[in-house]
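A.B. asks: Turn these sequences into a full structure, and let the hints steer you where they fit.
Heads up: the sequence lines are chains A and B, in that order. Just so you know, we're using the numbering used here here: the first sequence kicks off at 10 and counts up by one. Just so you know, we're using the numbering used here here: the second sequence kicks off at 175 and counts up by one.
Worth flagging that the hints you see were computed from the coordinates, not collected in a lab. Heads up, a few of these hints could be off.
[Stated by the list, open to error] Here chain A is said to cover these stretches of chain B; the calculated rule only asks that three of the stretch's residues, wherever they fall, bring their Cβ under 8 Å from a Cβ of chain A: (1) 253-260; (2) 296-302.
[Claimed, not checked] Not close to chain B: a few residues of chain A, all C-beta gaps over 12 Å, as computed: (3) Gly-11; (4) His-49; (5) Ile-71; (6) Glu-109.
We put the CB at the ideal spot given by N, CA and C, even for glycine.
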Amino acid sequence: MGAGKTTLLNRILTEEHGLRIAVIENEFGEVGVDQELVIHADEEIFEMNNGCICCSVRGDLIRILGNLMKRREKFDHILIETTGLADPGPVVQTFFADEEMREKLFVNAVVTLVDAKHILLHLDGSDQAREQIAFADVVLLNKCDLAGAEALASLEARIRSINALAKIHRTTNAGIEIPKVLDVGGFNLGHAMEVDPHFLEAGHRHHHSDNVTSVGIEADGDCDTKMLDEWLSTTVREQGADIFRMKGVFALKGSPDRMIFQGVHMIMDAANGGPWGDRPRRNRLVFIGRHLDREALIAGFRSCLA
Amino acid sequence: MKQLGSARAEDNILHVCWGGDLLAATPATGGILVLDIERRDVAVHPGHGIGNGSSAWLGGHLATCGFDGRICLAGREIHSARGMIERVKPSADGRFLAAGQGKSLLVFDGGGRPAQGLPELPAAVSDFAWNPRDSSRVAVVGAGGARMWRLGAGEPFARFDWGGASLRAEWSPCGRWLATADQTPSVHIYDFSTDHPLHIQGFDSKVRAMAFSGDGRQLATGGSPIATVWPCTGKSGPDGATPIQLDGHDADISAAAFSSGSGKLATGDATGIVLIFTFQGARVLRKRARLDSGISALAWHESKPWLGVGLEDGTATVLEL
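C.D. replies: This is the structure in structure tokens:
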């Protein structure tokens, strides 16, 4: 809270980009423009399968978006502003677990605003703060004018240790080029191929008190398809509640093509990523989550190599 | 089938309902249409900004609601607060009007004044249904199942819990059954006479259409291109009974309505097909009409053989059978 979400929303809505944008607000922020485009709703968790966190979706979004999709004039983007205490998991899962949402909408990105001046006061004591960073495709390190260069570098490293994949932008007054938040494609499978080994290294330097971390795995060689399938299935079945995001690129034995995959909690999505061509057949995989056992994940993956 | 009249709104018709011979048609956005078939007249009532909810008739007046958090009755605003409102529904005897907003079920008397309602609920109101036999009782559904309340009471008098969420509710005209359509492709049918919940699964998709017959002895559900009619009679109702399956649609059923007068069942789908089923003992007769756009809403006139139809292209039309 107070990191600049409403400032960012107002920027997006007032910029002359020619896009039709609706906002779903769960917090009583003061979006200052065109209230006709703002829908207020209570955050409403639908637990499915008797409370399994991996199956929880947001009932308010299902009902509002279901209505918006019936309009003749569709929106180009729908921004969902959650409260600073919201769990991003059910928000994201709504777009994969609900049949209608899955068919008609796609998630562009989870954008998390971080108050550069004050976040360190809260990061150690707030699971929500760490989890909102962990889920992010884009982190806006906002209010940078209030923090020194050294503090910003340290904070950026801390954020990187939690989430090795997110794009981090330093901003003041949430000043950001709009495509950097509206045109991200964070859940686009094609972007799973952009897993950067340097990020993986950064992710290994985790803060002593962070139970939310990234685990990056990189290995040459081909995977046994059946063993990889079984390992991934078992991993998300047993640890899905603690795995926030996953992305990876695999080389499968006998296949000239890359297999790309991404996931949220227990929901996984995979596709053919096209031929490897001249590139080295190098598997790259990142887990972002809570209480991740780095050694066990690495050993598990290596056992899938043919 | 003869078309008696029609009108065109600016957007997809979400809901239609009859008030005497007037048909209210509520589009997703824009003005709400009221078709007067006898006078061949169309009135337009103000909409609710970014999105309309549903509409209802109370004492001959139109009630509307929407995403702007407002409720209007007879053109007068009777409620305004932050938070979307999807549905307004009158009690069967017309004494009350209710609407769900967040975790509140707002209740108004026939004049639109706040009436004794319910305390703040544990979960947001996805839908609610009045007991057609007793307007002091209302069922509220949402995350966790259904809770049945007496107006003014501090606690529900009955509850049906399950580990999921329900999106729509229908209370049978006979008062015995409460049916819910769920977030998952399933339906719950609760039997008040035995306190027995029945969970019916196996639908192709989420059940968007559901309707009781006028006597409460049949429940029609969508959830696939086949309409399934569950017998709600005998000691166990649909539990263990074989439902009637009615084919003829090429797409999932998007709307269903029973005529309380004739007992006919109307169903519609997204390809514009309307089917009318007439039950004659063991036989079921079927009539078919194709309209110009997907069917989004159906409602029978209370006494005349008129079917109000809402279409995805914004057309509201009345068919005479």
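A.B. asks: Evaluate each hint against the coordinates.
C.D. replies: How the hints compare with the structure:
Remark: the region 253-260 of chain B is confirmed as covered by chain A, as 4 of its residues place a Cβ nearer than 8 Å to a Cβ of that chain, reaching the required three. A count of 3 residues in the region 296-302 of chain B with a Cβ less than 8 Å from any Cβ of chain A is obtained; the coverage claim is therefore met, three being the minimum. At roughly 20 Å, the least C-beta separation between A/Gly-11 and chain B is larger than 12 Å, which holds for a residue marked as non-interface. A Cβ of chain B approaches the Cβ of A/His-49 within 12 Å, the least distance being about 4 Å, so the stated non-interface status is violated.
For A/Ile-71, the condition that its CB be more than 12 Å from all CB atoms of chain B is violated, with the nearest at approximately 7 Å. Interface exclusion of A/Glu-109 from chain B breaks down, the closest Cβ pair being 7 Å apart, not more than 12 Å.
When each numbered hint is compared with the structure, violations occur for hints 4, 5 and 6.
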